[in-house]
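> Sequence:
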Amino acid sequence: MTAAHDSKPNFKRQSTAERPTRRLHASYDGPKIVLALGGGFARGFAHLGILEILEQEQIAISAIVGTSIGGLLGAAYGDGISLGDLCDLGRRVPLRDFLRFHRPEPGQGVRGKDRIGQFVQDWFRAGRLEDLPIPTAIVTTDLGTGAPYVFTRGPIEVALRATCAFPGLCKPVEYDGRLLADGCIVAPVPSAIAAALYGGCVLGVSVGSHTASVPSSQEGRNTFDSAFHASRRKALEPSWSRHADILLEPQVEHIGWNDFTRVDEAFSAGADAMRLALPSLRQLLARQSELPPAPDISLPNEEEVAQ
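Taking the working numbering, I'd label the letters of the sequence shown as residues 49 to 355.
If you are wondering where the hints come from, they were derived from the structure by calculation, not from laboratory data. Treat the hints with care, as some may be off.
[Said to hold, decoys possible] The calculated label-pair distances, taken between Cβ atoms and stated as ranges, are:
#1 Q331 / D224: 37 to 47 angstroms
#2 G175 / E103: 22 to 32 angstroms
#3 R176 / D133: 15 to 25 angstroms
All residues carry an ideal CB built from backbone N, CA and C; glycine is no exception.
Go ahead and model the full structure; you've got the sequences and the hints to work with.
What follows is the structure, encoded as structure tokens:
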């Protein structure tokens with residue numbers, strides 16, 4: 049990865065036939081981890097640097113749980129899209145396009161298709177979460193209850209559009225009689241949800257979404273009532289550290305949440321953080337491979353899993 053942003057990157061998309069199938073064989077009994085990838089817009093490309101080091105070290109991923117950009121990149125990686133392609137997409141897509149997640153009006157056709165839907169249609173092999181080779185959960189926020197609403201099944205584009213719909217920037221997504229918005233509101237780093245759904249060794253990644261403020265637009269103000277503000281304040285406490293066996297915090301605070309010209313810097317920061325954590329992760333995996341299975345745990349708040 050180059051350190052500098054290139055306005056005309058050398059883009060060679062990996063064909064579907066060339067993509068790996070990132071699925072663990074049923075007979076695999078070696079060490080593996082569950083990823084809990086947090087939100088943070090442009091800072092989230094640090095997740096890809098972490099994934100590259102895990103690939104290089106041949107550390108198996110058994111499941112991915114993602115919030116916001118962590119959900120989008122995690123699902124794309126689970127589908128087999130290359131890390132290089134994902135970085136290149138990040139460099140090429142202007143913020144105004146990245147935020148165009150609304151569904152088109154009737155009669156607009158393909159030209160009016162929302163960007164998430166177009167991305168899934170053009171790039172993904174799978175159309176539904178349950179068809180991804182790596183089990184993947186996408187965390188959103190139910191605006192009616194202030195609780196997480198977690199997709200483990202259903203249309204990928206709906207789940208991704210919802211988890212990236214930050215109030216004041218994007219309209220909430222209507223699904224199954226609910227209004228769903230960005231998962232960062234209630235689970236900036238979904239480590240507790242990852243532990244509850246999949247168990248095992250949870251590697252949580254925080255890229256600083258909790259330092260961002262809610263947009264001051266009228267839509268943003270209308271979205272949050274006093275009870276929801278209280279729920280958000282509770283969620284923004286760094287409680288995810290208690291549910292992650294390994295917590296990474298790549299040094300990306302200097303990158304603006306909307307600065308997609310610094311994708312390569314975010315990538316490098318993620319790779320650096322993962323390299324530093326490798327000795328601790330390997331020790332943890334070695335210890336856990338000698339222990340009996342852990343008991344089931346409950347989520348710290350109300351949890352609904354979409355079927």
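> In ascending order, which of the hints set out earlier in this document are inconsistent with the structure?
none
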